[in-house]
Amino acid sequence: MTAVVTRFAPSPTGYLHIGGARTALFNWLYARGRGGKFLLRIEDTDRARSTPEASAAILKGMDWLGLDFDGEVISQFDRADRHAEVANELLSKGAAYKCFSTQDEIETFREAARAAGTSTHFQSPWRGADPSSYPDAPYVVRLKSATTGETVIHDEVQGDVRIKNENLDDMVLLRSDGTPVYMLAVVVDDHDMGVTHVIRGDDHLNNAARQIGIYSAMGWDLPVYAHIPLIHGPDGKKLSKRHGALGVEEYQAMGYCSAGMRNYLARLGWSHGDDEFFSDAQAKEWFGTDGIGKSPARFDFKKLENICGQHNAVTDDAALLHEIQLYRQSAGLPALNDVQSQRLKAALYCLKERAKTFPELLDKAHFALIEGPVDVEDKAAKHLDTVSRGILRTLTPQLQNVSWTRDELEAVLNRFAEENGMKFGKLAGPLRAALAGRAATPSVFDMMLVLGRDVSLDRLNQAASKGDS
RNA sequence: GCUCCGUUCGUCUAUCGGUUAGGACGCCAGGUUUUCAACCUGGAAAGACGAGUUCGAUUCUCGUACGGAGUACCA
Numbered sequence: 004m005t006a007v008v009t010r011f012a013p014s015p016t017g018y019l020h021i022g023g024a025r026t027a028l029f030n031w032l033y034a035r036g037r038g039g040k041f042l043l044r045i046e047d048t049d050r051a052r053s054t055p056e057a058s059a060a061i062l063k064g065m066d067w068l069g070l071d072f073d074g075e076v077i078s079q080f081d082r083a084d085r086h087a088e089v090a091n092e093l094l095s096k097g098a099a100y101k102c103f104s105t106q107d108e109i110e111t112f113r114e115a116a117r118a119a120g121t122s123t124h125f126q127s128p129w130r131g132a133d134p135s136s137y138p139d140a141p142y143v144v145r146l147k148s149a150t151t152g153e154t155v156i157h158d159e160v161q162g163d164v165r166i167k168n169e170n171l172d173d174m175v176l177l178r179s180d181g182t183p184v185y186m187l188a189v190v191v192d193d194h195d196m197g198v199t200h201v202i203r204g205d206d207h208l209n210n211a212a213r214q215i216g217i218y219s220a221m222g223w224d225l226p227v228y229a230h231i232p233l234i235h236g237p238d239g240k241k242l243s244k245r246h247g248a249l250g251v252e253e254y255q256a257m258g259y260c261s262a263g264m265r266n267y268l269a270r271l272g273w274s275h276g277d278d279e280f281f282s283d284a285q286a287k288e289w290f291g292t293d294g295i296g297k298s299p300a301r302f303d304f305k306k307l308e309n310i311c312g313q314h315n316a317v318t319d320d321a322a323l324l325h326e327i328q329l330y331r332q333s334a335g336l337p338a339l340n341d342v343q344s345q346r347l348k349a350a351l352y353c354l355k356e357r358a359k360t361f362p363e364l365l366d367k368a369h370f371a372l373i374e375g376p377v378d379v380e381d382k383a384a385k386h387l388d389t390v391s392r393g394i395l396r397t398l399t400p401q402l403q404n405v406s407w408t409r410d411e412l413e414a415v416l417n418r419f420a421e422e423n424g425m426k427f428g429k430l431a432g433p434l435r436a437a438l439a440g441r442a443a444t445p446s447v448f449d450m451m452l453v454l455g456r457d458v459s460l461d462r463l464n465q466a467a468s469k470g471d472s
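Throughout, this note's numbering is defined as the position within the first sequence, counted from one, plus 3.
Source of the hints: derived by calculation from the structure; they are not laboratory data.
Be aware that one or more of the hints could be misleading.
Pairs of lysine-lysine, BS3-like flavour, derived with a Cα cap of 27 Å [said to hold, decoys possible]:
1. Lys-382 / Lys-287
2. Lys-385 / Lys-367
3. Lys-306 / Lys-382
4. Lys-306 / Lys-287
5. Lys-469 / Lys-367
6. Lys-297 / Lys-287
7. Lys-385 / Lys-305
8. Lys-96 / Lys-167
9. Lys-469 / Lys-429
10. Lys-40 / Lys-287
11. Lys-385 / Lys-63
12. Lys-367 / Lys-305
Between the sequences and the hints, there should be enough to build the whole structure, so can you do that?
This is the structure we're talking about:
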């Protein structure tokens, strides 16, 4: 059994969008789960539209998603000579021919065909022409496609797809300037790179039939094909920049965790029974083309959030802190200072199970991140009226010398509430307002523990004396 | 126009001829609670439509509708 080799082959004409990211993920999972190789090839043969910035964005996106590839990034453009070599081989074999028709002629033909309602496939008059009749003019190299019979694509997802060869035209292999066209380049590169499994969007399904023509003309083995359905926007429409088709780095900037993104994306269009929440290791073990669905899926932010929340909850504190720092960077937020980082890390145990995204987590961590005087929000201010401040004034000295543990703090505060004839909830409001300046916070005990005795008492004293001066 | 692909709760999906059509997200109700969450319990919610094959179709076949892709000297 030959080793599995998959590849992700984006064209660098923009950011790495969510559909591309999922395609990359599927290829990565497929290879990594089978001890195979996962390669990255940038399809930059379209010089006019390819940009280095886009290549960088793709690399960055894959890095964030943790999709590591084997070997170097391959530039398709760099391999133009090899593509031309294959085209020439096809030419000498008689499997391709030079076509001198101009674009104007082709366009005229197509317009006439459209008007007549007949096939718009261009039938080059040069297909069977005698070389002695060749003019001294630029030409493209076209594949001499079969005109009868059918091409069958054995697709792992779509099943056997049959296309009549009469519906395939003689596609261009080499442009008139001698540069290769995508259809040729993919086939040559996939073959040369030893790609065994081509997992890509089903917008390439029809193309596969054409590409198979090149494989058979060259006598090359076909890869296993798996054409996966596209992802649609939340409204069911095709993804566009306006809705949903954000670059993956924007998802990072929105604060979704990478593991959750992988989990969610894997689950979009692929399933393994009823499993919804799983680790990378499980995904690698389970992933296969048999679990891939045939219909397009819509992107659902709510479910993404939920999955990310579950991953946050099981991520260890150090790793989580690190990812949060990367998030702040990508979102353009200032880095946390040492005190904030330390407090945040100490607070993660009581935050990570209740935050779906990093902005949400950071918001709940507000009490730990503020330094200096606590700013009291309006909603919390009512918990610091004269009566409440009086309570805090009485309470604070009693906390001065207790041992700063959860058990001890609970005991002291509960006793205090009881002695003063109030329910604990009555006491919690002022404490929350004093410690965090907000009405909604984590547990007061968690906050006191995370902040420590000095900072906690300091904030309590500040709140108690508020409005006194 | 032509060719190809798809269609199960609002969404992601399970089901490989026989199920009260299952799960998850979301939603609704209740519970728990120290606020907000989280969490627990319960609930509403689906086979596009029409034929055919079959003892029996969500499942197989065909048609219709709707959606998508391809049809470039783009990728």
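State the violated hints by number, sorted upward, taking the hints as numbered earlier in the document. Numbers 1, 3, 7 and 11 - these are the hints that the structure violates, sorted from lowest upward.
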